[in-house]
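Q: Listed below are the residues making up each chain.
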Amino acid sequence: MATMTAEPSGIPVREEHHPQPFIRKYIFSTDHKIIGIQFLFTTLFFLMIGGLLAVMLRFQLGFPGEAMPGGSILPETMAPGGIILPEFYISLVTMHGTFMVFFAIMPLLVGVYANYLIPIEIGTHDMAFPRLNMISFWLFLISGLMMLSSFWVVGGASRSGWTQYAPLSANPDASGVFTGQILWCLSIAVFGFSSLLGSINYITTIVNQRAQGMTWFRLPLVIWALFITAILGLLAVPVLTAAVIMLLFDQTIGTTFFLPGGGGQPLLWQHLFWFFGHPEVYILILPAMGFVSEIISNGSRKPIFGYKSMVFAIMAIAFLGFIVWGHHMFQSGMNPRLGMSFMVTTLIIAVPSAIKVFNWMATMWGGAIKFTTPMLFAVGFVMLFTIGGLSGIFMAANPVDIYIHDTYFIVAHIHYVLFGGSLFAIFGAIYFWFPKMFGRMINETAGKIHFALTFILFNLVFFPMHGLGMEGMMRRIYDTSRYTHLSDVQDTNTMISIAAFGLFASGLYFGVLFFWSLFKGKPAPDNPWEANTLEWTLPSPPKHGNWEQLPTVYHGPYEYSHPDMDRDWLLQNERPDIVSPAHEVTIRKGEA
Amino acid sequence: MSTHGAEAVQFEQTSFNVYDKKLGMWVFLASEVMFFTGLIGSYIILRWGASESWPAPGEVLNIGVTAGNTFLLICSSVAMVKAFAAIEEGDQKHLKLWLLATIVMGASFVGVQAYEYTHLIHEGFLPSSGLYGSTFYAMTGFHGFHVTMGVLCMIWVLGKAMRGHYTQENHQGVETIGLYWHFVDLVWIILFTIVYLI
Amino acid sequence: MDWSLPLNISTQGVQIDNLFWLIFWLTAVAFVLVEVGVLWFLWRYRAREGHRARYTHGHLGAEIVWTAVPALTMIFLGIYSGRIWAGIKSPDSFPKDALTINVTAKQFEWNVTYPGADHVLGNDDDFTIRNRFEIPAHQPVVVNLESEDVIHSFFIPELRVKQDAVPGKVIPIWFEATQAGDFQIACAELCGLGHYSMRASVVIHEPEDYERWYNEQTGAAQTAAAD
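Line order of the protein sequences matches chains C, H and F.
The end of the first sequence is residue 592 by my numbering, with every number in the run present.
The end of the second sequence is residue 198 by my numbering, with every number in the run present.
The end of the third sequence is residue 227 by my numbering, with every number in the run present.
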């Protein structure tokens, strides 16, 4: 199929679909674009939940033992008189992590954008398995609601941290949670299914359904990122599913996989969880890096610097990501020799990430940078992800990790990469593809205000946490007053909490802006950002089935500012009669 | 390759010349490998790290009956191969016969496993019977669940075959379910060896 | 809060802090390079009238440089960290005649077992004190860490010591304090409801004072045993 002799116009017209009823079109849709939008609304809701949980836990840390405004609506078992109990605090911490990782960031990156972008960027009508795709969304929604419901059962939500270390997580007497823990495990198992169906779709579609001329090295970097991410998910999530089922069995039917009383091994849980967990964090960053590549190249009006290196860096990060998991376990009692080898692999994985940062900077160098909202978020990503990546080096050095493990230094690192990194890129992506998705623009000034608020408040919340970690403030503690070495951190914690409330408010501001723009945003043209990838050749929003005739691709997606052209962009299906370097095709008049 | 019927010829860049359903199944099986690796890997770590001694082969489990059951499952894979070969020749009758044979043998495998379980439980060997019980029931239980799902899908495929859905030119569904079935058989051979024989 | 590490009163701790600050300066250089670079590029290469972006796809030489420099830095850090790690964790580096104490963590307290008058652990004259960890300065100490229920973590910030206590395992660690004083053990692994309050007193004595304290304790223990 790689060489065609027929003319592109020989592609027959796709059959017309009869009009569909509302339910089939918008609720039980198999259209990848609708599914992507369903994911978007659902995940923004879960993002808000995750943020709300953070606001509550920050209230306790900032104003320990005080009654939270509005807290009296919470039941006595959680916060009598509005004062958060220690057990509820740990649930908040656990569920904040759980919701953010599984139900907000991961699906925002993958569920939304893999679904929305893959077919329209590779040039096909829909995913390979549209009905499986629909099932994937509904399973996701069900798993999220299951997780949410665990707050309302007897005993409340899980209290073992999002990392669920056994035996605490496996033993209801130790944690105080039974039903809520079962729900956690079942929810994650259902989530795993949803993720699996998605991965199968993304991989099959990208391998088999690229348009004519869309060779591997003409794919946009975001598609490479989503492709490799899908493979990561395919291979890592099933291990979590197995682990979570074993955990469930330990709690309910008397098995002892992780319970030493029955011969089991607590460390086995950690190995299984982190064997999943480390590739998981690369699932959480690679698509974000893909968004950033698209936006920075477009915003700088320049080809991405070092396209092939960027592809190989994605592959290197993914591969290495499978052999670093033990760096979460340096102090766990794992054999110290293993600790040495994991330290080595962890330091190595810093290199491909560094390459990507330098390549983004080199893309901006010599550019003609437009300060649009997506561009601001993408550049913000580069600045903040860099900080997160650099803080990771402290942890990789295992002697230093002896001190900073399980302190707020780690919390700072996590949030710089997941929020300053992933979420900033997600915001950039939302602003960038909103016009295509909804046919409307988000007001630039309003978006820039969102960016400024988020950037400033984010740093006020999370940068000081490096210092708290240096002082030795441990994670997941309800109250710092019991420790002499933490006698002077309260003021900092209070300041962080106030900034965190502001950060949440700026998120709500974004929510209002998002919904307002859905109805009142300026109508969007097909290609508002003057970008090159195939989706910008379609109307905003595209029709069901995307194309009547599938496009043909002639060159890569980063042909900005070509010296022989007047305008500074060139869509992938446009045929300039020019000679272009390296991986581009040589086009002369009349050649297909 | 086309998602809109055989008549729309799409010009696409494909890399492996493997049609969607088959590629999707291979990809799915890769995830299944990881799932069983999680379970089997845990078994290996727990067993060889266990301070208590592990029961000898045959002490608790019935090797003879299970060996017979293993043979049955392998035969069902042979039946599956013959079903696929039949439709490659356009032989509708033998497609249906061999699919039916596969289903009967697969269902019998599950039946024998279920019988074994009731027997063991009656003897007091439960998931809560230490690590041996935990790992035995987790691994064989999930395998049995996968076989059951396979049988149900196979019945659905047989239903389509009865309605004449498959032709010599187009029988992707048969090949795809066949792949799954062989995988499930392969996992069992590994499990039988490391759980029953070693 | 101040941006510093706590008082460092341990021999291992000095090496850990040195490595911390080495990494700090290396990452500070990278930080300035990237952040200033980004801000500078944003200003210098902003879109303006008559200015068109360059059409380049890459530069092999530049990419080699910025791959090699981080890689070499990581190799250097790996070797340096590995030496320190081996010096702390390798069984060969454990001091031969250290004072050995058992610490058993449980929800939500630390039970410290001392070897008794015969200075040998594991027989009848051992005595256990709840939530008080008393050791001498200037002498290597080995702690055998255990847990009765869930995973806890034995963390003494000033000694730069942290080790998870895992039920079903006995995990040895060693350290040597360089000065006397009063400190705390903090639990550093989520262990349930009382995790935030799972602390114990750490009293580090000058060696002579430790002798005296120890004899008092063994005397008291013998008296208690005799009753």
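Everything labelled a hint here was simulated from the structure, so no lab data went into it.
For each residue, glycine too, the CB sits at the ideal point set by N, CA and C.
Among the hints, erroneous ones may be present.
[Claimed, not checked] Here are the simulated lysine-lysine pairs, DSSO-like style, with alpha carbons at most 30 Å apart:
{"#": "1", "chain 1": "H", "residue 1": "K82", "chain 2": "C", "residue 2": "K25"}
{"#": "2", "chain 1": "C", "residue 1": "K520", "chain 2": "C", "residue 2": "K448"}
{"#": "3", "chain 1": "C", "residue 1": "K520", "chain 2": "C", "residue 2": "K308"}
{"#": "4", "chain 1": "H", "residue 1": "K93", "chain 2": "H", "residue 2": "K82"}
{"#": "5", "chain 1": "H", "residue 1": "K93", "chain 2": "C", "residue 2": "K25"}
{"#": "6", "chain 1": "C", "residue 1": "K543", "chain 2": "H", "residue 2": "K93"}
{"#": "7", "chain 1": "H", "residue 1": "K21", "chain 2": "C", "residue 2": "K25"}
{"#": "8", "chain 1": "C", "residue 1": "K543", "chain 2": "H", "residue 2": "K21"}
[Unchecked claim] Facing chain C, from chain F, some residues (calculated, C-beta under 10 Å):
{"#": "9", "residue": "W85"}
{"#": "10", "residue": "S153"}
{"#": "11", "residue": "V203"}
{"#": "12", "residue": "G219"}
{"#": "13", "residue": "A220"}
Q: For each hint, tell me whether it holds in the structure or not.
A: Right, here's what the structure says about each hint:
no., hint, result
1, H:K82 / C:K25, "violated, 42 Å"
2, C:K520 / C:K448, "holds, 18 Å"
3, C:K520 / C:K308, "violated, 41 Å"
4, H:K93 / H:K82, "holds, 12 Å"
5, H:K93 / C:K25, "violated, 40 Å"
6, C:K543 / H:K93, "violated, 44 Å"
7, H:K21 / C:K25, "holds, 25 Å"
8, C:K543 / H:K21, "holds, 26 Å"
9, W85, "holds, 5 Å"
10, S153, "holds, 6 Å"
11, V203, "violated, 13 Å"
12, G219, "violated, 30 Å"
13, A220, "violated, 27 Å"
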